[in-house]
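Participant: Chain by chain, the residues:
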Amino acid sequence: MAAAARMTGTAAPRLAATLLLLAAWQGLALSGWLFQDVVPPLQTVLGGLASVLSSRDFYANAAITGAELLVALTAGGIAGVLVGVALGSSRFLSGAFERWVNYLSPTPKIILFPVLIMMFGVGVGSKMAMGSVSCFFPVAISIAAGVRGVDPALLRVGRSFRATRAQTLRKILLPAMAAPLVNGVRLGFGVALIGVLLAETKLSNKGIGFMIMEAYHRFDMPRMYALLILAVAFAATVNLLAGRAASRLGGQHQGTLR
Amino acid sequence: MRFAAPLSGIMVLLALGGLLQFAIQMDFISVYVLPLPSDILASLPRLVAEEGVLGRFATTAGETLAAGLLALLVGLPMGLLLHRSLRMRAAFEPWVAALAAAPLILAYPLFLVLFGRSPATIVVIGFISALPPVVLKTIEGFAATRRVLLNVGRSLRLTPGQEFRKILFPAAIPQIFVGLRLALVFGLINVVGVEFLINLGGLGQLINDLAERYDLPGTWGGILCVVLVSIAFFTVLDGCERWLRRRA
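Which chain is which? The protein sequence lines are A and B, in order. Numbering follows the working numbering, in which position 211 of the first sequence is assigned residue number 211; successive positions increment by one, without gaps. Numbers given in the working numbering equal positions in the second sequence, counted from 1, plus 1000.
Some clues are possibly wrong.
Using C-beta positions, here's what the derived DEER-type ranges look like [as the list claims (entries may be wrong)]:
no.	chain 1	residue 1	chain 2	residue 2	range
1	A	Arg248	B	Ala1097	16 to 24 Å
2	A	Pro152	B	Gln1021	39 to 47 Å
3	A	Leu42	B	Tyr1032	47 to 55 Å
If you are wondering where the hints come from, they were derived from the structure by calculation, not from laboratory data. Don't be surprised by glycine CBs; every beta carbon is placed ideally from N, CA and C.
Bound-form chain B, shown alone (with noise of 0.2 Å):
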């Protein structure tokens, strides 16, 4: 019973595919609208063989690695700075939040004029992006340590660096794993969103590159990918997220 749900759903988007099919067969959908599904399928290994969807995923992996690293260097010490500092948080965590929640993504061009046609405009969007979430998070964190420990440390007399060693990092580290998650997530989105708008690297570029030759079932097949793939990234992620929080 407990499969009868996710199971009928599958289902129905099985038999949607079919209906496609034979509406795409007998000519109510143009191919050139929507490829047969059948052949979207039937692109896979053809994707996989010549186009080196491996290899790409491999590019794309890094670059969004690259991004979530420089990110979580950058941040974890951001983070922490603005938390010291009460005056700081109020002057800068507006700016932080705002950053969020900006069109980033839109000023590639800029970014293309001051990096070039490189990967390196690709992780520095990717960073960008995934800068705000360690941020704020390793803020959380940190004010979110509970008093008690914290006076206990001061009953035990513990230095500054001890007390960070000790009680406020370890405090923080969920905290900082959820902004971590977040930034990886952003991250790949803005990696791939890139790689597909200025025609560089992974797997943005092959979508970007099969549609350029007309290749639809090929295209479709490249989306087909980028959606696993994201997904298989998004149930790691999270599947660590939940493991780290088991054992906290």
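Pulled out of the complex, with its shape left as it was, chain A reads as follows (with noise of 0.2 Å):
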């Protein structure tokens, strides 16, 4: 009850945040102080939005972005849990490696993209390769941490029962990094979902990103803002579904900002 009236105590602000955001909007595009072309009344967005949810063209494009983003995910979560997993039980290994990982990580991985064509082929193989790197580092760190963080009683227990290294791996280190895992995938989908769609507005002949261009290229504003919000509204679904998953499976919830 009490968690429920604090949602309205704060539902109702909110709702009004929104409108009065959208009334904003509507104003600005109804004054004609900007190109209305270029901030198009509500209306006109979602007529774009109809017309492409309505277009097959959309989800074809989708299913190839879909699928690119698929692959990147696996391989650079794939990677990304391997590596974490070493780095956060060996501080040899850490020591040894663990800088370099946090060096590459927030530099902007799509200056790689170009020497990426050179060695995936300018079709979606690049982009896939694109979205795996930029995956693997929030998955690593995120698995190292929680690797680290696993408590060292329950590694006591498991030593005092003479665990092999395997049974410490399966029965204690997996089901703690549950939530560092959700979390990492989580992080790391939100890097790899911009990787994959930013190379394919800069080289590609298919994908949602390539549509967000040919959009731009023929200044069919509604249709990219479109784009954009199916974008964005995806990104956020997942986000908040995995956010959700994670502080289930017990995990601090850690945010975007560190």
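Put the two chains together into one complex, using the hints given.
Facilitator: Here it is in structure tokens:
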């Protein structure tokens, strides 16, 4: 009950803020201060959304971007988990290599795109590689921190039961890592999506990123807004669901702001 | 002993470079996939002398600083405003947090339409990505002011202005600086990314340029430069923050 009351307490101002922002947009669009093509009124944006969602083109391109994203998450995620476990469980490896992971982590990954094109071609391969590289770092860092954060008491219990290395990994480390894994993948998903879509805007002939660029070149602003809204909504939904899953698994909820 | 691990890390990386050099020279890997590591190193002086890496660095750094300062100028009052009014905070803080998580750089074609292919586009995208951390950390900083300090202020009958200058603001400075550091980090990432994407400006454009000329060793050299610059940038910011914390 208390939670519900708090919800309604903040829901009203939140709703008001949303309406205010939408009204401000509409006012700006109708005022004529900016070109109406650039800031189109809401009904035009909604029209763009409807036309994008009802076109077959959109679903074909979304499937390609989705497949690229899936491969990127799988490849980057597995590599990230392996490296993360290695860095987290060995003090020596962490001392030797973790600083390099930390150094590379915040540099803009998109600048690797030209060399990824040379390695994986101009097609979907370079986009998958772009997403994988982006996804790798948050997963590896989150898993390494997760492994180090495992309660030492659990490890001592394991040792007193004479658990083998494999048993320690399976029975203690893996369950304790569920939350950091979900959190790492959540952060990795965000950057992988950005990596894949940016790569598509830079050089491609299919995918959602390509559609955004196409809309830009045709100056079809409602279509561009619609695609951007869909991309952001998709990212926000996955982010929200994964965040809930992570907090249900009992891990501390790491935000995007460290 | 303290240096054993980092040293062996560097040795492994060097060995890996040597192995790649060998594999490429033996044609196991094509030079068009991966240029010779020695060629990449050899390209570095050329990048400095002919491609004006230092000038480009100044451009990128200037755009990043402009974005960070704008974020500070706008974000600080915004954070204060949201801190002052509970209702405003409930209404707008989720939006700011959503902005922090949104894949904003994707909207770069939109900003191209609004601001043209100009440094303004780069600075504005950097500014918007730098804004949320400043606002959120400013709120955090003000909200975390110790109750007892505020009570002391009240018992001394400080005016609201005095309370802000003498108590709230000094107490919030460390968090505000955390926000500024994040703002500059996000700013740099987005500035370099957009420079690369729209082929304009500093270090990001250099890589695009070299790649379009199929200067592969140069492209790798350029990437190396960006990585070095970001490492230096982040290390300096970290150092500043630590220094500030020790004084606080």
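Participant: If a hint holds in the structure, say so; if it does not, say that too.
Facilitator: Against the structure, the hints:
At about 20 Å, the beta-carbon gap between Arg248 of chain A and Ala1097 of chain B stays in the expected band of 16 to 24 Å. Our hint of 39 to 47 Å for Pro152 of chain A and Gln1021 of chain B holds, since their Cβ atoms are close to 43 Å apart. Checking the proposed 47 to 55 Å range against Leu42 of chain A and Tyr1032 of chain B shows it holds: the Cβ atoms sit about 50 Å from each other.
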